[in-house]
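Protein chains in written order, with the numbering used here: chain E, 70 to 558; chain V, 35 to 163; chain P, 39 to 535.
Treat the hints with caution; some may be incorrect.
If we take Cβ atoms under 7 Å as the criterion, some of the chain V residues that face chain P in the derived model are [unchecked claim]: (1) Y60; (2) V132; (3) I134; (4) I141; (5) I145.
The hints are simulated quantities; they were obtained by calculation from the structure and are not laboratory data. Bear in mind that the values here come from a model prediction, so they are computed numbers and not experimental data. Quick reminder that beta carbons are idealized off the backbone N, C-alpha and C, glycines included.
For reference, the chains in residue letters:
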Amino acid sequence: MTYQSSLLPLAAIGISLAAAVPIMLSGRKPNLREFWTLLAAVGKFVLVAAMLPSVLAGHGFVLTLAEVVPGVPIQLRVDAMGMYFALVASFLWICTSVYSIGYMRKLKEHDQTRYFAAFALAIAATIGVAFSANLLTLYLFYEMLSLATYPLVTHERNAEARFSGRKYLIYILGTSIGLVLPAMLITYALTGTLDFTVGGILAGQASPATLALLLVLFLLGFAKAAIMPMHGWLPAAMVAPTPVSSFLHGVAVVKVGVFSILRVIFFIFGPALLRELDYGTIITTLTSITILVASLIALTQDNLKRRLAYSTIGQLSYMVLGAGMLTAAGMTGGLLHIAMHAFGKITLFFCAGAIYVASHKKYISEMDGLGRRMPVTYGAFLLGALSIIGIPPLGGFISKWNLLLGAVEADQWVLLLVLLTSSLLNAAYFLPIVYRGFFAGPRDTGAGEVIQEAPLLCLIPLTLTALASVGLFFFPGVFLELVHAALFR
Amino acid sequence: MEQLLAEIVAKYNYWIYVVLMMIGFYAMIGKRNLVKKLLGMNIFQTAIILFYVSIGVKRGGSIPIVDKHAALSHGIDATQVINPLPHVLMLTAIVVSVSITGVALAILIRIYRQYGTLEEDEILEKIGR
Amino acid sequence: MTSTNLHMYVMMAPLLAAFAVNLLGRVSRAWIGPLSLGALTFSTIGALLTLLRVLHHGAYRYTVGNWQPPFGIELVIDPLSALMLLLVSGVALLATCSALKSVQNELPGREHLFFTLYMILVAGLLGLVLTGDAFNLYVLLEITSITTYGLIAMGSGRAALSSFNYIIMGSIGACFYLLGVGYLYILTGTLNMADIASILPGLNAPAAIATAFAFLLVGLWVKMALFPLHIWLPNAYSQAPTGAGVMIAPLMTKVTIYLMIRVMFSIFSPDYTFFAHAGVQAGIVWAASLAILCASGLALAQRNLRRMLTYILIAEVGYMVGGVWLANGTGMTGAMLHIVNDALMTLCLFLAAAAIIYRTGSLEFDRLHGLYRRMPLTMAAFTVGAFSMIGIPPTCGFFSKWYLLLGAVQAQHWEFVAALLASSLINAVLFFRLFELAYFKPAGEDVPSASQPCGDAPPLLLSPLVLTAVALLVVGLGTGPLIENVIRLALPPGFAP
Chain E
70 MTYQSSLLPL AAIGISLAAA VPIMLSGRKP NLREFWTLLA AVGKFVLVAA
120 MLPSVLAGHG FVLTLAEVVP GVPIQLRVDA MGMYFALVAS FLWICTSVYS
170 IGYMRKLKEH DQTRYFAAFA LAIAATIGVA FSANLLTLYL FYEMLSLATY
220 PLVTHERNAE ARFSGRKYLI YILGTSIGLV LPAMLITYAL TGTLDFTVGG
270 ILAGQASPAT LALLLVLFLL GFAKAAIMPM HGWLPAAMVA PTPVSSFLHG
320 VAVVKVGVFS ILRVIFFIFG PALLRELDYG TIITTLTSIT ILVASLIALT
370 QDNLKRRLAY STIGQLSYMV LGAGMLTAAG MTGGLLHIAM HAFGKITLFF
420 CAGAIYVASH KKYISEMDGL GRRMPVTYGA FLLGALSIIG IPPLGGFISK
470 WNLLLGAVEA DQWVLLLVLL TSSLLNAAYF LPIVYRGFFA GPRDTGAGEV
520 IQEAPLLCLI PLTLTALASV GLFFFPGVFL ELVHAALFR
Chain V
35 MEQLLAEIVA KYNYWIYVVL MMIGFYAMIG KRNLVKKLLG MNIFQTAIIL
85 FYVSIGVKRG GSIPIVDKHA ALSHGIDATQ VINPLPHVLM LTAIVVSVSI
135 TGVALAILIR IYRQYGTLEE DEILEKIGR
Chain P
39 MTSTNLHMYV MMAPLLAAFA VNLLGRVSRA WIGPLSLGAL TFSTIGALLT
89 LLRVLHHGAY RYTVGNWQPP FGIELVIDPL SALMLLLVSG VALLATCSAL
139 KSVQNELPGR EHLFFTLYMI LVAGLLGLVL TGDAFNLYVL LEITSITTYG
189 LIAMGSGRAA LSSFNYIIMG SIGACFYLLG VGYLYILTGT LNMADIASIL
239 PGLNAPAAIA TAFAFLLVGL WVKMALFPLH IWLPNAYSQA PTGAGVMIAP
289 LMTKVTIYLM IRVMFSIFSP DYTFFAHAGV QAGIVWAASL AILCASGLAL
339 AQRNLRRMLT YILIAEVGYM VGGVWLANGT GMTGAMLHIV NDALMTLCLF
389 LAAAAIIYRT GSLEFDRLHG LYRRMPLTMA AFTVGAFSMI GIPPTCGFFS
439 KWYLLLGAVQ AQHWEFVAAL LASSLINAVL FFRLFELAYF KPAGEDVPSA
489 SQPCGDAPPL LLSPLVLTAV ALLVVGLGTG PLIENVIRLA LPPGFAP
């Protein structure tokens, strides 16, 4: 891939950063404020998409922002992997913006201005992570995301939100300062660079013991990927309003964690080095445990959002697991699962939010029969769930198929077993929700409370993402191409 | 032992300054009365001033005031005059020490007006209350 | 040699302004602002020109009154001192804006006295930065100290007692320093730093040289409040009038650390400092690590914003002392960079504290509820300052910490790495605790009552604060050029990376 200097990546990040200002200034005029949000969201997607053809053709973009440390400038670079993630995030961002507006207005939430401003900062940071050219820049945006999401997580500003906010920060900030920062420093001290280089930079630079230490530090340090035991913040952060959970804790924040880990595995260590040292096992062991334990815990959760949260924890580890197999299909599957899971999980969260907006119900045990009143929502929920379980014809199948292939390729029958077991568990914790929605409960409650579908601004995005999950099965072309370009070109 | 004694006697000026300094140091740290602390500080500073002054001295040297014409024609025999520089330095140090004492006394007056005592324990007790 | 006198004007401007402020300020308060701001603006511009000149033409020495060294007093203007000159005058300028307002509020009728001392203090600090003479350094150190004693004593409550304790400790420090200089004088017969440095290596009196070195260092450590010698600082700095704290806190400790660097490298040599006594270098890094941990721990126990900041300040002293003593170029770069960054961060936080105290009258934690709503701009700037203290990119605090950590990794001083990381985490806890207080539970549920005034601080307090917050980001992003063009030139030979 060749790189040309361009302002486009900065514009793609900056547009929502800049939008935060008019959003805050037009706090008294909600319509104007939402106009800015949507304008920035669409503008961002257009800017990202504008770079797509060139990236597919093998011409990336690069922009150096500041020289800070010798050999490690603050630099943006659009390569296939970054493009892939940015594309997913910026598209889903539009859906989330629309959904947020519907959700927040229907519930008459307080402090919407601050909410939308913080949201704008968060998405800017997410795209920043995608377009980072080196680990230092990535760390910068990673931290920016942590801080921008704090006001979102604690949006309710009650005791529970305060507690969750604390937990969120302790996990996220504690690990990034306590684990990633030293790992990054040691890497820099060893190699003199932090640039994401195809094939890695660490090969031949340190003893196997040091490398193992670094690997573990990175894996656990990017706690946004919620690899156990660094997962505790995710369920806690579910106190946030649902759009926050859906986008940030279903898509942006957690995916940023996974993306960072994958960046480190592919471009700092390099698959060849890990294969040589057989350190893929470290990754696969950690993630396999996470997958199984998280799925089992998800079974026991009655709060819908918490169940989704534990499901997310498990699914995130799929992606890292795929990378840890260090085989072509495994890595493809892991990377591809970022997009597939994103579309599926955001649908599920949107549905959870829609259910809450329509019925103010949070617990699965209360949701008997709700599907008959909200067929669209539940239909979308089913599609999202099937995609995550990995059933054709849904996008999730493609990535899962690749993961299974990868396990076979790597001759890792244990991993195959883990993946299959987990799929069963996925089905076990998702399908009952749908079943209860449609078939359980009294046939007709008659009069009394009348529950209807959520507002249109909520329904459109969730339908869109659910259909996109289906569409991705038939047309995974762009994503697949980008993933292949990222891994093998 | 004798050697040590000879050492002490030969360099008695240093020993005096060390002893003075320790007295001052003790008063600054150990005394609870603020005025005594201040006195200790003055002793401490004086010890250092004495130390400096004593290092300028030469056996048989006279005061460093020389006749200009004699000095210009014959030069100065450095062994005949004591070194004036440490003394000059100490003029400055004395000025510093006096000004610090002045400031400290002014502050002590304020403290006395505020608390009616200069015993540190009593002041702390009053603050605590 | 060059014939420019610019740096002299930089130093003289605040000194002359001090007298003018005293005389004219007595007549009318209106004179004080323009005079002091004018003088400091002049100094800042002069310092900037001096720095550019040094970078362009290289370091130079200047003999005051044209008495040739080693007899005359020599000033050294090299990249580091020129940078410090700019830092001191710039920080003082920003601090003065805020001080003008808060002194008017806290010490009505005594402003001219306050600003007389204040301007002399600035002049003293500028002189300290420039001097190339060991005894001259002592005198200037005492000029800054005496003015500081006076300024602190002008505070209310326990300020007088704190100031007195500071006098005792400060005098011990200064006397130790003076003793060290005395030893050096006996050994070399000169007081000029460069001259001493050229004579020392030829002497065969290791015990005496080591004693001198120890006295000088311990003296300066007391003055900079390195951890076990810090007891005087929290009380003194937190009870000083707000206007005084805003300038003293960012500058005093930083300038003293600069002096330590001068003593280590301009009087003694890096070789002597680091390698003459086995174990000393490593021991000091260990001590600095402990200092960081203990001071950070003590900060956790504070319930008042300004007191908490003073303990953070003490921890930061440990950062810089440790960084210099890592004995490698990276660590030293980090320490020098941190002098600049920490001055700015501390300034930012103290300015924010000044703005908060102006509006609410208190910095106790339980009075900080709902501040984000009441003073959004102030709190935004405070947040930036806090992020910098925690070390979150792209604020400048991250980058100096980066260099310090990298230096520690290279020197294999893992205890220092651990201390720095732990302190970052503790800072995060400290500040997020504050953010929580200020963010949750809006006071009186959105209804501003008489006791909870609404709105940001007046512009004179707010503008320097916002400017400093912006500076934190600009300096952070400009770290590369700053190191490349200035700090790298300031490293002792043999340590440049």
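For the restraint on I134(V), tell me whether the closest CB of chain P is nearer than 7 Å. This interface hint holds because 6 Å falls under the 7 Å limit.
Tell me if I141(V) is really an interface residue toward chain P, meaning its C-beta lies closer than 7 Å to one of theirs. Holds, because the Cβ-Cβ distance from I141(V) to chain P comes to roughly 5 Å (cut-off 7 Å).
Double-check I145(V) for me: the hint is only fine if its C-beta lies closer than 7 Å to a C-beta in chain P. The hint holds - I145(V) has a Cβ within 7 Å of chain P, the shortest such distance being about 5 Å.
Would you check whether V132(V) satisfies its interface hint, that is, whether its CB is within less than 7 Å of any CB in chain P? violated (11 Å)
Let's test the interface hint: is any C-beta of chain P closer than 7 Å to that of Y60(V)? Where the cut-off is 7 Å and the nearest Cβ of chain P is about 12 Å from Y60(V), the hint is violated.
Checked against the numbered hints above, the structure breaks hints 1 and 2 and satisfies the rest.
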